[in-house]
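*Asks:* Single-letter residue listing:
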Amino acid sequence: MRLNVRFAGAGGQGVISSSVLLAKAYGIGEDYNVSQTQSYGPEARGGACKAEVVVSDENIDYMKVDDVDVFIAYNQTGYDKYCAELDDTDTVLINSTLVETKNSQHYEIPGTAIAEEMGNPTVVNMVMLGALTKLLPKLHYDKVIRFIREDFPASLATSNIEAFDRGYKYMEEELIRRLKTQS
Amino acid sequence: MEIHINGPRPQNGRKVILQGNEACAKGAIYAGCRFFAGYPITPSTEIIELMSSEIVNVGGTFIQMEDEIASACAAVGARWGGKRAMTATSGPGFTLMQETIGFAAVTETPVVIVNVQRGGPSTGQPTMSSQQDIYQVKYGSHGDYEIIALTPSSAQEMYDFTIRAFELSEKFRTPVILLADEAVGHLREKVVIYDGERKIRGGHRNYVVSPQEDFYMGNNSLVEGQLHDEEGKRIGHLAPKSSDFINSINRKITNHIDEIHDIETYLMEDADIAILAYGSVARPALNAVKTAKGIREEAEEKWKKLRFLKGLLKSKALHENPYSHLNVGLIKVNAVWPFPDNEIRRLAEKCKYVFVPEMNIGKYYKEVERCLHHSKVISLPKIGGEIHKPTEILDAIAKEVEESE
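Heads up: the sequence lines are chains R and B, in that order.
Take 440 as the starting number for the first sequence in this note's numbering and just add one per residue.
Take 9 as the starting number for the second sequence in this note's numbering and just add one per residue.
Just to be clear, a hint being listed does not mean it is correct.
[Unchecked claim] Taking lysine-lysine pairs in the DSS-like style, the calculated list, with each CA pair at most 25 Å apart, reads:
no.	chain 1	residue 1	chain 2	residue 2
1	B	Lys397	R	Lys489
2	R	Lys577	B	Lys23
3	B	Lys146	B	Lys360
4	B	Lys23	R	Lys582
Bear in mind the hints are in silico, worked out from the structure with no lab data behind them.
All chains, full assembly: derive it from the sequences and hints.
*Replies:* Structure (structure tokens):
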């Protein structure tokens, strides 16, 4: 199994930090092999930012994403830049507050809106990570929570976990809705 | 493929997710590095960052210096004072350190210098990767000296090779360069790390001309940048003695290549095309070999099942393998300098072609070409800061093979 996940967004949105948490949850929590890489410009905030996670039960030779399976877009620029590379079968999650799409197959999560509703716009990445966790195979809710707790100081962990939980539940409802419309 | 630290791995390992740079810092502390001087520079800053907080916990010293010249000098000085020392930098800083590297070579000071390569020349590409310093690392300082350089390709190797760099530098009493690059420095992977401190024997007398078992030991040690004898006295004006000295600091490395060289191979037994790679490029090169041999298709099958079970991801059509006619194997060079002539000649002697992918304008392939007389050596350079894709390597090989047959 090789799962290629790509995140794209702007510097400061927490793109890299969410990809690192995903790598830790898969790598240590679920004991798969993982590799996490990123590319960004010289600026600390703004600017295009891309992060990639490869998950596999075998040794990972080529550490970058070779063929995207799951794509998460935090902003429109990132979406536009990498969308052309995708196949119809690839899974796509978008932060629908900031990204517009015409493809109804894409999973739309109003990440920024949910984070602002919580009064903390910086946790948008946790909302997206929550939704992603629900969608990905062989990844458990509590494994991700464990690393959010480890990586953030206690004062920040609570709001991050809440955001993660909201994203997870949002995706849960979305999946149920999709199943119902299918049948 | 798994790299081993010399001897068996200790039992108390634990798995963590670390960036290559962080793994390097952890490896240094495990190897007994107790002095670190540095000046932060992308993409090596994480080493300095982690060292600044962790070396103090084990009773070591961290100094942020005013520049890279001072950083390298401080590390050399600290080793004279009896502490195992390291510094880390990237291209522009490494250029500034060249004088001190020559000085460390002539004073036979064991010191580890990490160069996490970025694109050059000059300020170049701070956030992008390259392997452009492969020659600078060997020829950067003036005069005749030999250097040992190790090229890690994974976060685990960043950890292991840092430890090995300390072992080699202590054994041969010489500066050792850990020649990493941005792609591996900023790569997060699972790494097995150890608590405590590894025993490394220092002050080997048999390889060294300079005075003292070690530099300190309470004696009035004379350390001299001019060529010197066993007592530290200058001999630069005496031709025969000077010649002996230069021979000695070079031969202690070139005569012991067997102990230094570190080559891994994959499916080389009956290959007639070899891919020779070092550093992070060895990763796509290994993938290319597996792709050509159809070894990756199994992985594809398994994943297909998982997609089906999940019901969310549909299976992707399996394409026919367009590279199945290429009988390729991999030679992965972990210690790029001193150049392992004999070993490469032995491994590649039956190969018709040897391809050398590297993230520079094409440098190391010249060494390979010099050493192999019966194979066609072809350079696959890539500049701009991105690592080769496995298919790029395979396409280039397929094209070359097609054209010449």
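*Asks:* State for each hint whether it applies.
*Replies:* Each hint tested on the structure:
| no. | hint | verdict |
| --- | --- | --- |
| 1 | B:Lys397 to R:Lys489 | holds (17 Å) |
| 2 | R:Lys577 to B:Lys23 | holds (19 Å) |
| 3 | B:Lys146 to B:Lys360 | violated (29 Å) |
| 4 | B:Lys23 to R:Lys582 | holds (15 Å) |
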